[in-house]
Amino acid sequence: MNPPVATPFFFYLLAGTMIIGGILVITRKNAVHSALALITTLLAQAALYLMLYAPFVAGVQIILYAGGIMVLFLFVIMLISIERSMKERQFNKQWLVGGAAALALGGLFISVYLTTTKGKALFPEGSVTYGETENTQKIAALLFDRGAGQYMFAFEIASLLLLVAIIGAVVMAKKRI
Amino acid sequence: MGQILQYIQSYLDKDVKVTPGAFGNIYASLFWATVYILVVFGGLSVAVIAMNWLERKILAHMQVRLGPMRVGPHGLLQPIADAIKLLLKEDIIPAEADAFVFWIAPFIVVLAAFTVFVVVPFGPTHAITDMNIGILFMLGVSSLSVLGVVMAGWASNSHYPLIGALRSSAQMVSYEVAMGLAVLSVILLTSLQGPGLGLYGIGAGGQGSGTLSMIGIVQAQQEQGVWFIFKFFPLGLVGFFIFAIAMVAETNRAPFDLPEAESELTAGFHTEYSGFRWSLFFLAEYSAMIAVSSIAVTLWLGGWLRPFPNLLSGSTWDHVFSVIPGLTFLFFAAICFFNTARMPKHPLFKVQTMGLAGFGAVLGLIGLVMFVPAVSLRVGDIFWFSAKVAGFMYLYIWYRGTFPRYRFDQLMKVGWKILLPMGLALLILTAAMGMRTELWAQIQEVWHGL
Chain A
1 MNPPVATPFF FYLLAGTMII GGILVITRKN AVHSALALIT TLLAQAALYL MLYAPFVAGV
61 QIILYAGGIM VLFLFVIMLI SIERSMKERQ FNKQWLVGGA AALALGGLFI SVYLTTTKGK
121 ALFPEGSVTY GETENTQKIA ALLFDRGAGQ YMFAFEIASL LLLVAIIGAV VMAKKRI
Chain B
1 MGQILQYIQS YLDKDVKVTP GAFGNIYASL FWATVYILVV FGGLSVAVIA MNWLERKILA
61 HMQVRLGPMR VGPHGLLQPI ADAIKLLLKE DIIPAEADAF VFWIAPFIVV LAAFTVFVVV
121 PFGPTHAITD MNIGILFMLG VSSLSVLGVV MAGWASNSHY PLIGALRSSA QMVSYEVAMG
181 LAVLSVILLT SLQGPGLGLY GIGAGGQGSG TLSMIGIVQA QQEQGVWFIF KFFPLGLVGF
241 FIFAIAMVAE TNRAPFDLPE AESELTAGFH TEYSGFRWSL FFLAEYSAMI AVSSIAVTLW
301 LGGWLRPFPN LLSGSTWDHV FSVIPGLTFL FFAAICFFNT ARMPKHPLFK VQTMGLAGFG
361 AVLGLIGLVM FVPAVSLRVG DIFWFSAKVA GFMYLYIWYR GTFPRYRFDQ LMKVGWKILL
421 PMGLALLILT AAMGMRTELW AQIQEVWHGL
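Chains as they are written, first to last, in this note's numbering: chain A, 1 to 177; chain B, 1 to 450.
Some hints could be false.
Said to hold, decoys possible - Now the in silico label distances, taken between C-beta atoms and shown as ranges:
#: 1; chain 1: B; residue 1: Pro421; chain 2: A; residue 2: Arg84; range: 38 to 48 Å
#: 2; chain 1: B; residue 1: Asp409; chain 2: A; residue 2: Gly168; range: 18 to 28 Å
#: 3; chain 1: A; residue 1: Ala104; chain 2: B; residue 2: Lys17; range: 25 to 35 Å
#: 4; chain 1: A; residue 1: Ala169; chain 2: B; residue 2: Pro404; range: 28 to 38 Å
#: 5; chain 1: B; residue 1: Met412; chain 2: A; residue 2: Arg84; range: 28 to 38 Å
#: 6; chain 1: A; residue 1: Arg28; chain 2: B; residue 2: Val372; range: 52 to 62 Å
#: 7; chain 1: B; residue 1: Arg65; chain 2: A; residue 2: Ala169; range: 42 to 52 Å
#: 8; chain 1: B; residue 1: Thr115; chain 2: A; residue 2: Tyr12; range: 19 to 29 Å
#: 9; chain 1: B; residue 1: Ala441; chain 2: A; residue 2: Arg28; range: 55 to 65 Å
#: 10; chain 1: B; residue 1: Thr115; chain 2: A; residue 2: Met172; range: 32 to 42 Å
Stated by the list, open to error - Lysine-lysine pairs mimicking BS3-like chemistry, simulated, CA-CA at most 27 Å apart:
#: 11; chain 1: B; residue 1: Lys413; chain 2: A; residue 2: Lys174
#: 12; chain 1: B; residue 1: Lys413; chain 2: A; residue 2: Lys175
#: 13; chain 1: A; residue 1: Lys29; chain 2: A; residue 2: Lys93
For the record, the hints were derived by calculation from the structure and aren't laboratory data.
Note that this is a predicted model, so its numbers are computed, not measured.
Yeah, the Cβ is synthetic: ideal placement off N, Cα and C, and Gly gets one too.
If we strip away everything but chain B, and leave its shape as in the complex, we get (with noise of 0.2 Å):
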């Protein structure tokens, strides 16, 4: 037992560079992926709860709304009555429907969103585990959700789920081929080695073997010294461009919703599902934004690497972008002390002051904490990736309240007529930067042999 400790503690060692699935011992190999699963599983669910949250307050304030205001200090306790009203409300499964796929749906559905955070890569060392396949499995699980949306639409038995189903199969199956592309381009520049033609640094570039690796990707980054969305400028913006649009298809958010479509739908293939059940979808369709907005970050915005890592190098650069998560913090418990200041002073909002009072000295105790240089040299990735992801989780919520809804024809158009044809011409012209020098020597040949 002492022995099986003292492994489990060998993880923590300050030279482990690698994530726990990859650690050699097997018992702190089960015992710290057991520990990463949990958190990240904590994490996502408090996410998920905290987006809804948002979308609903951000939407609300786009619209010159309120949005939730009773239940709780600004309406912050308004997901977990909700979520408490879901669990309580009767599962109703409708009488012509097919029992089993209808019960089973929902639980595809919630694995496929939350099995492919195996590979998110939250920090160097921060993931539950390192795939060499990482991204063809990211893309292939979540690939998976989709049978699970068919299923329940077909499952229920009922005309609206049904074309719901049909929608999102058509609309999934579309959008994957342009993602596809867009996540190509990418694994052909993690080929390049040293330096290459980047906005930040210009130099020569070689060759060697790409990688499909999470943990890979970024480090590809980290060694040309620019992010993907910048290099071979405007390539990987367009790519970036592509799959950008390709993930609010894929996670059947507005402006492609159509599946769901509450006008034309009620609410499509979810229309049947009730209480517990249907939260299972609610839960999987935020925890797929978070997933497919994380391989964005990853595949092209340096995923744990802070910004400016050439323009603004150096011990002091570090420093001062060291600060900045414990900053983020105390700005945060600010607005909260602010708003209790703004409370209503009647008696009757004695409790939800209070409450809100602590939340904010909560998050001033973190934002303290992370100033410890300790601390913050440990999760500082994590707060970068963190950060970049919910820029992606605003945009979101941004293009819901912005953009009306395509028809599906329009839909059909940019996914099959723009962004394929767009995805292989980038895929090409990638390839070609890529090798520039050897097709360059090759066209001083055949001109030499003119």
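One chain only, chain A, in its complex shape (with noise of 0.2 Å):
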């Protein structure tokens, strides 16, 4: 057999690339630059996925995130002046909120990781390995299917809470239709 691909050398390149261009995100004055540091995180994030056995979920983040969103973040930003966005203050000095978000949010992951539901870790010693071939016919499973279908409703509220979103970027841009 084939070792498998998912090696912890591998989780951690992934996971070092996202952190350093989630840093890189926030950190670049050029907008353009902070978008493409953005792409190379969502890319590592769609490897990730594909560590985790779920290659349907990877190519859909690749298609819909790096293919489609992030072009349309880049039609945006091509727009903007850069001299303008280089002179302007990066960070607002709100060091005392952001710290205490940023604590709050840290805090809950790890008292999540360390919560035990009776008797119980949160996260399981080993892990399921699902077939990595029967994954897009899983999730079809998930979403359709007659008796174990459950996530459908959500996944239909989630898409029309989109179309709200876009029928309320059209409102707000143009003053008439």
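Build the complex from these two chains, which are given one at a time in their own frames, with help from the hints.
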């Protein structure tokens, strides 16, 4: 048998790429550079999904985020004057609030990690290995299957939310439609 | 070492029915995957060079010109001369450009255009690997190429490239939607089992679980006994039609070549590029054309399957079709020899005449090798796949020679107001046709209930 791809080396490589990309997103002054760093982060995230044996999710991540949404981001950012954005202040000196929010979120993560419910840790010791080949079918079953499908409604509601956001954006952008 | 060699040889066994990527042994898998990658990369580069020459020649003949005639017989060496010129040219990065983004953009475009060939199925075993998300992978990675185009246009810090990049991002995102809907309808078709309502096989049919794998899609067509272009006539044809239009827009080719419209934007997004970097854009454009053509061939035209597998079935017809690859190469060789005889008899043309004759001899030799049954059995599928893709490449040239360029508002109108509704309707109708027995039962139930 071939050795598994999901080795710690690749996880740390991808996680490191994501963190560096994330830091670059907030520290770059040039908005296009930030967007490119964000694309790197999203691609590394897609690779993480691959490591979790979820190729369908990884593929959708690349098509939607890296290939679709980020292109629209760039479309808007390209029209911003760089000279002006270079002169603007990057951080608005709210270290106190920002630090408190970061601490709260970090504390939440750590407490979730440490929590045990009914004697069981939230994160199981082993990992469930679904067949890589069935990933697409499994997701379809979760969404559409009559018996096991439980996320159809949530899925449709989420898409409705996006539709509302689109209509809102159009209404806000155009005075007369 | 000897054992590793044994492993490597084990892939050559006749019973092996998987791609190198899926082969059980890791050494053999690694070795043969590398060989396949090199073969595909080399073949692709040769195909791009050939396309360069063919496009100029065919366009020229369409416009009653001769086209390149100077370098080599009938300009055959023109692409090589061009390549040398491009490599020797100065590589200019504009002073005001964003150097890093400008530098990296062509690589992203080339990377996206070449990576998709990992899953292109030239035959049931002739693919680098078979992914279970094959078609999704192809669409996803090829959608990354627009990032490179946008980066190139923005980083040039110049007006024409920026407009080209804006047009390109709007155009590619718009046509991706229609393209995705057409592809979805095919994925629905793969979930049907048995011969269905095709042109050539009318019968029952049922539901199974579909597949996104490129090899699986072709195998589904083989099992159902019909190419998906003829499935549920005319639904398959409509899906193919939508894809065939969207793929021209996705690759920025005429009549949708607005991002590089030379009469309006000089050269569009790659105006500021020169030399090697420009040639990378060129390489990426042509290999992306080949990539989307291979998607179309895989999804609708039966991939590596030979034409008329049902109408003209039986061992006699199998034999007839197995000699076609060899005959094709012999035909090309004959054209070469005919033109060798027509070369000017002046001593200055002696080398060129000999070169053309040599080229013809090589083609003829390949043709003769193709007649060996063992060879034609192994590469017949590659031949049919490449022949179908070549048909699409000719279409691209034909479009360019025929259609005037669209205006941008017309482009958007076609994408959003015509192709998108058509794609949605196609998806619903395909699903309804696939479920027709269940639907019919439901309707009858309701009818009796009234």
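A quick look at each hint next to the structure:
1. With their beta carbons about 41 Å apart, Pro421 (chain B) and Arg84 (chain A) fall inside the hinted range of 38 to 48 Å.
2. Checked against the hint of 18 to 28 Å, the pair Asp409 (chain B) and Gly168 (chain A) passes, with Cβ atoms roughly 25 Å apart.
3. Range check, Ala104 (chain A) to Lys17 (chain B): about 57 Å between beta-carbon atoms, so the 25 to 35 Å window is missed.
4. Range check, Ala169 (chain A) to Pro404 (chain B): Cβ separation about 35 Å, and the 28 to 38 Å hint holds.
5. Hint check: Met412 (chain B) to Arg84 (chain A), Cβ distance near 30 Å, so the stated range 28 to 38 Å holds.
6. In this structure, Arg28 (chain A) and Val372 (chain B) meet the distance hint of 52 to 62 Å, their C-beta atoms being roughly 60 Å apart.
7. At roughly 50 Å, the beta-carbon separation of Arg65 (chain B) and Ala169 (chain A) lies within the given 42 to 52 Å, and the hint holds.
8. Our hint of 19 to 29 Å for Thr115 (chain B) and Tyr12 (chain A) holds, since their Cβ atoms are close to 24 Å apart.
9. Between Ala441 (chain B) and Arg28 (chain A) the C-beta distance comes to about 60 Å, which sits within the given range of 55 to 65 Å.
10. Between Thr115 (chain B) and Met172 (chain A), the C-beta spacing of about 39 Å keeps the proposed range 32 to 42 Å intact.
11. Proposed proximity of Lys413 (chain B) and Lys174 (chain A) is supported: the alpha carbons are some 20 Å apart, at most 27 Å.
12. Simply put, Lys413 (chain B) and Lys175 (chain A) have alpha-carbon atoms about 22 Å apart, close enough for the 27 Å limit, and the pair holds.
13. For a cut-off of 27 Å, the pair hint linking Lys29 (chain A) to Lys93 (chain A) stands: about 16 Å separates their Cα positions.
Checked against the numbered hints above, the structure violates only hint 3.
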